[in-house]
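Chains A and B supply the protein sequences, listed in that same order. When the letters of the first sequence are read in order and numbered with my numbering, they come out as residues 56 to 322. When the letters of the second sequence are read in order and numbered with my numbering, they come out as residues 4 to 363.
The hints are simulated quantities; they were obtained by calculation from the structure and are not laboratory data. Glycine is no exception: its CB is placed at the ideal position from the N, C-alpha and C atoms. There may be inaccurate statements among the hints.
[To be verified] If you only want the chain A side, here are some residues facing chain B, beta carbon under 7 Å, derived:
{"#": "1", "residue": "THR206"}
{"#": "2", "residue": "GLY207"}
{"#": "3", "residue": "ASP209"}
{"#": "4", "residue": "ILE212"}
{"#": "5", "residue": "GLU214"}
{"#": "6", "residue": "ALA215"}
{"#": "7", "residue": "ASP218"}
{"#": "8", "residue": "GLY220"}
{"#": "9", "residue": "THR222"}
[Claimed, not checked] 35 Å max Cα-Cα, derived DSBU-like pairs, lysine-lysine:
{"#": "10", "chain 1": "A", "residue 1": "LYS146", "chain 2": "B", "residue 2": "LYS116"}
{"#": "11", "chain 1": "B", "residue 1": "LYS260", "chain 2": "B", "residue 2": "LYS170"}
{"#": "12", "chain 1": "B", "residue 1": "LYS116", "chain 2": "B", "residue 2": "LYS77"}
{"#": "13", "chain 1": "B", "residue 1": "LYS229", "chain 2": "B", "residue 2": "LYS354"}
{"#": "14", "chain 1": "B", "residue 1": "LYS118", "chain 2": "A", "residue 2": "LYS236"}
{"#": "15", "chain 1": "B", "residue 1": "LYS104", "chain 2": "B", "residue 2": "LYS77"}
{"#": "16", "chain 1": "A", "residue 1": "LYS277", "chain 2": "A", "residue 2": "LYS89"}
{"#": "17", "chain 1": "B", "residue 1": "LYS104", "chain 2": "B", "residue 2": "LYS118"}
{"#": "18", "chain 1": "A", "residue 1": "LYS116", "chain 2": "A", "residue 2": "LYS236"}
{"#": "19", "chain 1": "A", "residue 1": "LYS236", "chain 2": "B", "residue 2": "LYS104"}
{"#": "20", "chain 1": "B", "residue 1": "LYS273", "chain 2": "B", "residue 2": "LYS229"}
{"#": "21", "chain 1": "B", "residue 1": "LYS229", "chain 2": "B", "residue 2": "LYS170"}
{"#": "22", "chain 1": "B", "residue 1": "LYS260", "chain 2": "B", "residue 2": "LYS223"}
{"#": "23", "chain 1": "B", "residue 1": "LYS118", "chain 2": "A", "residue 2": "LYS304"}
{"#": "24", "chain 1": "A", "residue 1": "LYS236", "chain 2": "B", "residue 2": "LYS77"}
{"#": "25", "chain 1": "A", "residue 1": "LYS116", "chain 2": "A", "residue 2": "LYS277"}
{"#": "26", "chain 1": "A", "residue 1": "LYS236", "chain 2": "B", "residue 2": "LYS116"}
{"#": "27", "chain 1": "A", "residue 1": "LYS304", "chain 2": "B", "residue 2": "LYS104"}
{"#": "28", "chain 1": "B", "residue 1": "LYS229", "chain 2": "B", "residue 2": "LYS260"}
{"#": "29", "chain 1": "A", "residue 1": "LYS236", "chain 2": "A", "residue 2": "LYS146"}
{"#": "30", "chain 1": "B", "residue 1": "LYS223", "chain 2": "B", "residue 2": "LYS118"}
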Amino acid sequence: MRRSPLLWTSAALVYAFLYLPLVVVVIFSFNASKLNAEWVGFTFDWYRVLVNDDAMIAAAKNSLLIAFTAALLATILGTMAGIAMHRFRPKLLPFMTLTPLAMPEILLGVSLLIFFISTFGENALSLLTVIVAHTTFCIGFVAIIVRARLTGMDESIFEAARDLGATPWRTFRLITLPLIKPAVIAGALMSFTLSIDDFVITFFTAGAGVPTLPLTIYTMIKIAVTPEVNALSTLMMLLTLFLIIIASKVAPDVLQSKRLVEDDADS
Amino acid sequence: MALLEIRNVTRRFDDFVAVDHVDFSVNAGEFFTLLGPSGCGKTTLLRMIAGFDLPDEGSIILDGIDLRDTPPEKRPVHTVFQSYALFPHMTVEQNIAFPLKMARQSEEEIRAKVKSALAQVALNDRATRYPHELSGGQRQRVALARGLINRPRLLLLDEPLGALDAKLREQMQIELIALQRDIGVTFIFVTHAQAEALALSHRIAVMNHGRIEQLDEPDKLYGAPKNRFVADFIGNVNMHDATVQAADTALTLSLGKLGQITAPLRAGVKAGDTGVFVIRPEQVSIRAAQEPSPDPNQFVGAVNDFLYIGDVTTYIVDLPDGERLEALLPNSAPGRAKFFELGDPVRVSWKAEAGTFLTN
């Protein structure tokens, strides 16, 4: 079927709007000038500056540690929540799990800050509080994705496993988990990405000693935007791309909406 | 001793009584069927036997042991689900091996048993396929092989033929009977299709509104239904309101304006009782109105409609009192088979020992 030229043009414009700025960021990370204004010449200098920037490396380590831990915790808890929501149809759990997704981040950040300080004292803010905060808002995303995956599934598959001699735990490990694996991986990736680029909640819940990449970039931009930020952005983009490729290899149906059970193969 | 005893089992969901004081037992090696319309409680009963649900009252006893505290995975009972419930991420082989793996049998043992099970259901060449690559009939066979591979005491089948087309259904019925006979595992089969139940079962429990209406062998259910529901549910039947006028060696029934007939005597029926007279279409003879019939019960009516089915033709006859009667005429009988057209006057008749009177 032929699409109208208007449709093609508008699609091209939308994608250009989305991706051109990213391309510009990448190009100027190789620019031999302190300004992001005009192209002077090709260089790897900004990457060298970045690698030797101890503050930036420390921030990157923090961010990765936080994102990895928060994603892991959120994936475990969110998967459990998703399964519980599907199986027991509780009335309150969905609200409680999904509210953090809809709530303005600033509200969540402030309330967590007040909670941590008032409960654990003035010096409570640390790496741990950031991890807890990030886990909190990631659980909901994992839960939604896992529940959506379970919704279309034939319930009797899980009963069949029990019926044929599997304990509840073996049913989960051998049947439920393999079947929801794509959703779990998608949830984990989403949590990782949400955590690594979170600014607002991190700003409120990280103590002075825990700079993360977004916080550090913000601090740098307040002074001047140097191409070091471009170099860092390029690396983060590569990391994201890498994660998406991994995801598509581990669980192809995360990206393609391949159906799990074909309706009828009757011949 | 019976293999399975259902003792006075009741299951309620809020105000709805799904299974109402049901009581029966199943013998080892039997092909037992729970038959009834949807919502009659047959599936609820099956789920309680499998262990997915527990009775509110009564007990389920297998091999003399009350199953109340036994979870599904510990019961020597397997289920073939209506949707087959094959594991979509496992091959045919892996699906069939699953119960053996759960029982922690050795690799060699599993391999040998899976091989012979695949042969038994003629799926050797499909061993490494996934369920979605199979046809409906093949999936059905995988589900059966998986349910039978570690020889459960009892195999429960929840409308397993419901999703198949008519031709395949008949073929699977034949396979099912052969499989059950060869393996000797006791089957409890749940269905709403009465023809299927009659064809497959040793005994059938007809259920309605959570109760068992009649439990009998197929020919007894068909030939001597105990009540209106069973008569109506099993096969096709003609029904006519009737009042008993006399009960001695046979029953004399008044069919209202239509007149009197003679019907077989039934224990406990006395003059003055009201109810229905039921008779199967194949027990009713049909001939041209001017031809005499030797039968004691006969009426003249007009053909209202007919259904040519191939082997037989069903005639729907308008009786003088406005009621309708179905009569079956085999098309195979040479010379005797003859077509009647719409409106043709016909004589319908039946023998004194045909049909049954059922009190209300």
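We went through each hint and held it up to the structure:
no.: 1; hint: THR206; in the structure: 15 Å, violated
no.: 2; hint: GLY207; in the structure: 11 Å, violated
no.: 3; hint: ASP209; in the structure: 5 Å, holds
no.: 4; hint: ILE212; in the structure: 5 Å, holds
no.: 5; hint: GLU214; in the structure: 6 Å, holds
no.: 6; hint: ALA215; in the structure: 4 Å, holds
no.: 7; hint: ASP218; in the structure: 5 Å, holds
no.: 8; hint: GLY220; in the structure: 3 Å, holds
no.: 9; hint: THR222; in the structure: 6 Å, holds
no.: 10; hint: A:LYS146 with B:LYS116; in the structure: 46 Å, violated
no.: 11; hint: B:LYS260 with B:LYS170; in the structure: 45 Å, violated
no.: 12; hint: B:LYS116 with B:LYS77; in the structure: 21 Å, holds
no.: 13; hint: B:LYS229 with B:LYS354; in the structure: 20 Å, holds
no.: 14; hint: B:LYS118 with A:LYS236; in the structure: 30 Å, holds
no.: 15; hint: B:LYS104 with B:LYS77; in the structure: 14 Å, holds
no.: 16; hint: A:LYS277 with A:LYS89; in the structure: 15 Å, holds
no.: 17; hint: B:LYS104 with B:LYS118; in the structure: 15 Å, holds
no.: 18; hint: A:LYS116 with A:LYS236; in the structure: 28 Å, holds
no.: 19; hint: A:LYS236 with B:LYS104; in the structure: 22 Å, holds
no.: 20; hint: B:LYS273 with B:LYS229; in the structure: 16 Å, holds
no.: 21; hint: B:LYS229 with B:LYS170; in the structure: 32 Å, holds
no.: 22; hint: B:LYS260 with B:LYS223; in the structure: 31 Å, holds
no.: 23; hint: B:LYS118 with A:LYS304; in the structure: 33 Å, holds
no.: 24; hint: A:LYS236 with B:LYS77; in the structure: 28 Å, holds
no.: 25; hint: A:LYS116 with A:LYS277; in the structure: 22 Å, holds
no.: 26; hint: A:LYS236 with B:LYS116; in the structure: 30 Å, holds
no.: 27; hint: A:LYS304 with B:LYS104; in the structure: 29 Å, holds
no.: 28; hint: B:LYS229 with B:LYS260; in the structure: 26 Å, holds
no.: 29; hint: A:LYS236 with A:LYS146; in the structure: 26 Å, holds
no.: 30; hint: B:LYS223 with B:LYS118; in the structure: 41 Å, violated
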